[in-house]
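> Sequence:
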Amino acid sequence: MNAIYCALTSWNSQISLRDHLSLHALRSSLYVIFLVSPIFAQPQATGERFFLEKLDIKFEPKVRFPVKKYRTQYVNRIYQAGLLKEISAGVLAELKDQGYYFARLDSQAVKVDSTFRAVQATLFFQPGKPLQLSRVAITFADTLDGAIREELETIGAQYPGRAYTHALSSGLFREIVEVMENHGFPLARVSTAGFEFYDSPEGPWQLDLTLQVHSGDSIRLAYLRFPRQ
Numbered sequence: 023m024n025a026i027y028c029a030l031t032s033w034n035s036q037i038s039l040r041d042h043l044s045l046h047a048l049r050s051s052l053y054v055i056f057l058v059s060p061i062f063a064q065p066q067a068t069g070e071r072f073f074l075e076k077l078d079i080k081f082e083p084k085v086r087f088p089v090k091k092y093r094t095q096y097v098n099r100i101y102q103a104g105l106l107k108e109i110s111a112g113v114l115a116e117l118k119d120q121g122y123y124f125a126r127l128d129s130q131a132v133k134v135d136s137t138f139r140a141v142q143a144t145l146f147f148q149p150g151k152p153l154q155l156s157r158v159a160i161t162f163a164d165t166l167d168g169a170i171r172e173e174l175e176t177i178g179a180q181y182p183g184r185a186y187t188h189a190l191s192s193g194l195f196r197e198i199v200e201v202m203e204n205h206g207f208p209l210a211r212v213s214t215a216g217f218e219f220y221d222s223p224e225g226p227w228q229l230d231l232t233l234q235v236h237s238g239d240s241i242r243l244a245y246l247r248f249p250r251q
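The numbering used here applies: residue 23 is where the sequence shown begins, and numbers increase by one.
Some hints here could point you the wrong way.
Cross-link-like lysine-lysine pairs, in silico, DSSO-like; alpha carbons within 30 Å at most [to be verified]:
#, residue 1, residue 2
1, Lys80, Lys107
2, Lys90, Lys80
3, Lys107, Lys151
4, Lys90, Lys118
5, Lys84, Lys151
6, Lys151, Lys90
Computed spacing ranges between beta-carbons, pair by pair [stated by the list, open to error]:
#, residue 1, residue 2, range
7, Arg184, Pro249, 36 to 42 Å
8, Asp239, Ile177, 20 to 26 Å
9, Leu246, Gly183, 43 to 49 Å
10, Pro223, Glu200, 22 to 28 Å
11, Asn204, Pro88, 46 to 52 Å
12, Arg247, Thr94, 53 to 59 Å
13, Gln142, Pro88, 16 to 22 Å
14, Phe73, Thr161, 53 to 59 Å
Hints in this document: simulated from the structure, not taken from any laboratory.
Glycine included, every Cβ here is placed at the ideal spot set by N, Cα and C.
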């Protein structure tokens, strides 16, 4: 099993991890991406406005995607330089939010009707395989009670098997911090200590994630003072 491993020293957000995964997707010999700069066609400059009459977004292989939302947002808008790039960037960002970190625009087709000043565009995407969380390991920068460790490890065990998305990673971090807060560590934080992701021949990309919990200073309630009535 070929694996790519990267140790991270000071990662405190999952946004950085998402960007890092995208970078490794381009560099990895396990997943070769041919970078092609699609030509986003423009109507001949005639001084007249053209409008996007029709928009199709296709995926190979097929994935669930809210194409209707993009049609509602972009159809009948003025067709100008950068419109298709804007649509493409939005589609790729949404695919990443679904766990497709290696998605790319494959090609596009544009038809221009000069008589009716109408443009029909079709964008073709290759989503690639999604990224699935296969393992969560939790390490501790400080000495913690065994019951707290067990509670955190139980949380980590509930996440493997799901598509790795921004929403999932945010939920995982939030649950860990909430446990620490409930045990008297309101200054606790979680960082990404390292990760390993690898290809599985007949399934999604697999991600092994290692998190480190920093408890911070604990706070105890000394007393309560109520104002006199």
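> Does each hint fit the structure? Answer for all of them.
Status of the hints after comparison with the structure:
The straight-line distance between the Cα atoms of Lys80 and Lys107 is roughly 15 Å, inside the 30 Å bound, and the hint therefore holds. Under the criterion of a C-alpha separation no larger than 30 Å, the hint pairing Lys90 with Lys80 is consistent with the structure, at around 12 Å. Simply put, Lys107 and Lys151 have alpha-carbon atoms about 23 Å apart, close enough for the 30 Å limit, and the pair holds. At most 30 Å may separate the alpha-carbon atoms for a hinted pair to count; Lys90 and Lys118 meet this at roughly 18 Å.
At most 30 Å may separate the alpha-carbon atoms for a hinted pair to count; Lys84 and Lys151 meet this at roughly 11 Å. About 23 Å separates the Cα atoms of Lys151 and Lys90, which keeps this hinted pair within 30 Å; it holds. Between Arg184 and Pro249 the beta carbon distance is about 49 Å. The supplied range of 36 to 42 Å is therefore violated. Roughly 22 Å separates the CB atoms of Asp239 and Ile177, a value that falls within the hinted 20 to 26 Å.
At about 45 Å, the CB distance of Leu246 to Gly183 agrees with the hint of 43 to 49 Å. Between Pro223 and Glu200 the CB atoms are about 38 Å apart, so this pair departs from the stated range of 22 to 28 Å. Between Asn204 and Pro88 the beta carbon distance is about 37 Å. The supplied range of 46 to 52 Å is therefore violated. For Arg247 paired with Thr94, a C-beta distance near 57 Å keeps the hint of 53 to 59 Å intact.
For the pair Gln142 and Pro88, the supplied restraint of 16 to 22 Å holds, since their beta-carbon distance comes to about 20 Å. A hinted range of 53 to 59 Å for the beta carbons of Phe73 and Thr161 is consistent with their spacing of about 56 Å.
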